[in-house]
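Visitor: Under my numbering, residues 92 to 270 are what the sequence shown spells out, in order.
Heads up, some of the hints might be wrong.
Said to hold, decoys possible - Computed spacing ranges between beta-carbons, pair by pair:
id: 1; residue 1: Arg-204; residue 2: Asn-111; range: 30 to 38 Å
id: 2; residue 1: Ile-103; residue 2: Tyr-220; range: 35 to 43 Å
id: 3; residue 1: Asn-111; residue 2: Glu-182; range: 32 to 40 Å
id: 4; residue 1: Tyr-249; residue 2: Gly-121; range: 33 to 41 Å
id: 5; residue 1: Arg-245; residue 2: Pro-185; range: 19 to 27 Å
id: 6; residue 1: Tyr-220; residue 2: Leu-104; range: 39 to 47 Å
id: 7; residue 1: Leu-108; residue 2: Phe-237; range: 39 to 47 Å
id: 8; residue 1: Tyr-220; residue 2: Tyr-249; range: 16 to 24 Å
Claimed, not checked - SDA-like, lysine to any residue: derived pairs with alpha carbons at most 20 Å apart:
id: 9; residue 1: Lys-161; residue 2: Asn-211
id: 10; residue 1: Lys-161; residue 2: Lys-206
id: 11; residue 1: Lys-161; residue 2: Glu-114
id: 12; residue 1: Lys-206; residue 2: His-148
id: 13; residue 1: Lys-206; residue 2: Asn-167
id: 14; residue 1: Lys-206; residue 2: Val-234
id: 15; residue 1: Lys-161; residue 2: Glu-173
id: 16; residue 1: Lys-206; residue 2: Glu-233
id: 17; residue 1: Lys-161; residue 2: Ile-181
id: 18; residue 1: Lys-206; residue 2: Phe-248
id: 19; residue 1: Lys-161; residue 2: Asp-135
id: 20; residue 1: Lys-206; residue 2: Met-168
id: 21; residue 1: Lys-206; residue 2: Gly-177
id: 22; residue 1: Lys-161; residue 2: His-148
id: 23; residue 1: Lys-206; residue 2: Ala-217
id: 24; residue 1: Lys-206; residue 2: Ile-252
id: 25; residue 1: Lys-161; residue 2: Asn-111
id: 26; residue 1: Lys-161; residue 2: Ser-110
id: 27; residue 1: Lys-206; residue 2: Asn-244
id: 28; residue 1: Lys-206; residue 2: Gly-187
id: 29; residue 1: Lys-206; residue 2: Asn-186
id: 30; residue 1: Lys-206; residue 2: Ile-181
id: 31; residue 1: Lys-161; residue 2: Gly-139
id: 32; residue 1: Lys-161; residue 2: Val-207
id: 33; residue 1: Lys-161; residue 2: Gly-187
id: 34; residue 1: Lys-206; residue 2: Pro-169
id: 35; residue 1: Lys-206; residue 2: Asn-191
id: 36; residue 1: Lys-161; residue 2: Ala-118
id: 37; residue 1: Lys-206; residue 2: Glu-159
These are computed hints drawn from the structure, not numbers from a lab.
For each residue, glycine too, the CB sits at the ideal point set by N, CA and C.
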Amino acid sequence: WFDALTNLEILILYNNLFSNLSENAFANLGSLRYLRLDNNPLGDMPAGIFRALENIHTIYLSNVGITELKTEWFQNMPNLIEVYLGYNAIEELPNGIFANAHNFEAFGMNGNRLKVLRRNAFGSLANLYYFNIESNFINALEVEFFNDAPVLNRFYFYRNICGSGTFTNFIQQRERNLE
């Protein structure tokens, strides 16, 4: 699609009817820093679709019909700062999926089907200030999320299924809940 636009830094395609993107849809967009694909019926995309986006800072993939995240999507994104994956049907985050994102600041995964959220899905959380996982099916969090995110000031966790009594028990008893 965008073969000639090698200097493109911002691409906003949300609220359209794009679907069935090819693996090379963004192959020549190595300068891209901001991508919005939300509210398109994309479904599950090819594993290598984002491999050229090594300079991407912000990516919106909310409400696009994703059921499973592919680790390859985010492997080559060391400058990734913000990811929004809300309102899909994602049930889990693979281990290490965001391990190469060392400056993560904002993460939104509200309105999915997550049951468990483990710390090892992420790289550094030292700059994380916004974390939205509301409206999922999460019943426990590993305490490392909070220990490793010293600047976190916006944490959205409502409409989950925390049933451990108090929030302190919910975090401390994670071993039992995360099996």
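Visitor: Hints first: check each against the structure and report whether it holds.
Guide: Each hint, compared with the structure:
For the hinted restraint 30 to 38 Å between Arg-204 and Asn-111, the CB-CB distance of approximately 23 Å leaves it violated. Take Ile-103 and Tyr-220: their Cβ atoms lie about 24 Å apart, and the range 35 to 43 Å is violated. For the pair Asn-111 and Glu-182, the supplied restraint of 32 to 40 Å is violated, since their beta-carbon distance comes to about 23 Å. Against the hinted window of 33 to 41 Å, the Cβ-Cβ separation of Tyr-249 and Gly-121 comes to about 39 Å, which satisfies the hint.
Taking 19 to 27 Å as the suggested C-beta distance range, the pair Arg-245 and Pro-185 conforms, at roughly 25 Å. About 27 Å separates the C-beta atoms of Tyr-220 and Leu-104, a value inconsistent with the hinted range of 39 to 47 Å. With their beta carbons about 40 Å apart, Leu-108 and Phe-237 fall inside the hinted range of 39 to 47 Å. Distance hint check: the CB atoms of Tyr-220 and Tyr-249 are about 18 Å apart, consistent with the given range 16 to 24 Å.
Our distance criterion of 20 Å between C-alpha atoms is met by Lys-161 and Asn-211, whose separation comes to about 15 Å. Taking the CA atoms of Lys-161 and Lys-206, the gap is about 18 Å. The hint holds against a cut of 20 Å. For the given pair, Lys-161 sits about 13 Å from Glu-114 by alpha-carbon distance, which is consistent with the 20 Å threshold. The suggested pairing of Lys-206 with His-148 is violated, with an alpha-carbon distance near 27 Å, which exceeds 20 Å.
Our distance criterion of 20 Å between C-alpha atoms is broken by Lys-206 and Asn-167, whose separation comes to about 27 Å. At roughly 16 Å between alpha-carbon atoms, Lys-206 and Val-234 fall within 20 Å of each other, so this suggested pair holds. Pair hint Lys-161 plus Glu-173 holds up; C-alpha atoms about 17 Å apart against a cutoff of 20 Å. This hinted pair checks out: Lys-206 and Glu-233 have alpha carbons roughly 13 Å apart, not beyond 20 Å.
With a C-alpha separation of about 11 Å, the suggested pair Lys-161 and Ile-181 falls inside the 20 Å cut-off, and the hint holds. A distance of roughly 12 Å separates the Cα atoms of Lys-206 and Phe-248; the hinted pair therefore holds under the 20 Å criterion. Taking the CA atoms of Lys-161 and Asp-135, the gap is about 9 Å. The hint holds against a cut of 20 Å. For a cut-off of 20 Å, the pair hint linking Lys-206 to Met-168 is broken: about 26 Å separates their Cα positions.
The suggested pairing of Lys-206 with Gly-177 holds, with an alpha-carbon distance near 15 Å, which does not exceed 20 Å. Note on Lys-161 and His-148: the hinted pairing holds, with a Cα-Cα distance of about 18 Å set against a maximum of 20 Å. Pair hint Lys-206 plus Ala-217 does not hold up; C-alpha atoms about 24 Å apart against a cutoff of 20 Å. With a C-alpha separation of about 9 Å, the suggested pair Lys-206 and Ile-252 falls inside the 20 Å cut-off, and the hint holds.
For the hint pairing Lys-161 with Asn-111, the CA-to-CA distance comes to about 16 Å; that is within 20 Å, so the pair holds. The hinted pair formed by Lys-161 and Ser-110 meets the criterion: a straight-line CA distance of about 17 Å does not exceed 20 Å. A C-alpha spacing of about 23 Å is found between Lys-206 and Asn-244, which places the hinted pair above 20 Å, so the restraint is violated. About 17 Å separates the Cα atoms of Lys-206 and Gly-187, which keeps this hinted pair within 20 Å; it holds.
Distance hint between Lys-206 and Asn-186 is fulfilled; the C-alpha atoms sit about 14 Å from each other, no more than 20 Å. A hinted pair counts as satisfied when its Cα atoms are at most 20 Å apart, and Lys-206 with Ile-181 qualifies at roughly 10 Å. About 9 Å separates the Cα atoms of Lys-161 and Gly-139, which keeps this hinted pair within 20 Å; it holds. With a C-alpha separation of about 17 Å, the suggested pairing of Lys-161 with Val-207 holds against the 20 Å cut-off.
Restraint check for Lys-161 and Gly-187: the C-alpha separation of about 11 Å stays at or below 20 Å, so the hint holds. Under the criterion of a C-alpha separation no larger than 20 Å, the hint pairing Lys-206 with Pro-169 is inconsistent with the structure, at around 27 Å. At most 20 Å may separate the alpha-carbon atoms for a hinted pair to count; Lys-206 and Asn-191 exceed this at roughly 23 Å. A C-alpha spacing of about 17 Å is found between Lys-161 and Ala-118, which places the hinted pair at or below 20 Å, so the restraint holds.
About 14 Å separates the Cα atoms of Lys-206 and Glu-159, which keeps this hinted pair within 20 Å; it holds.
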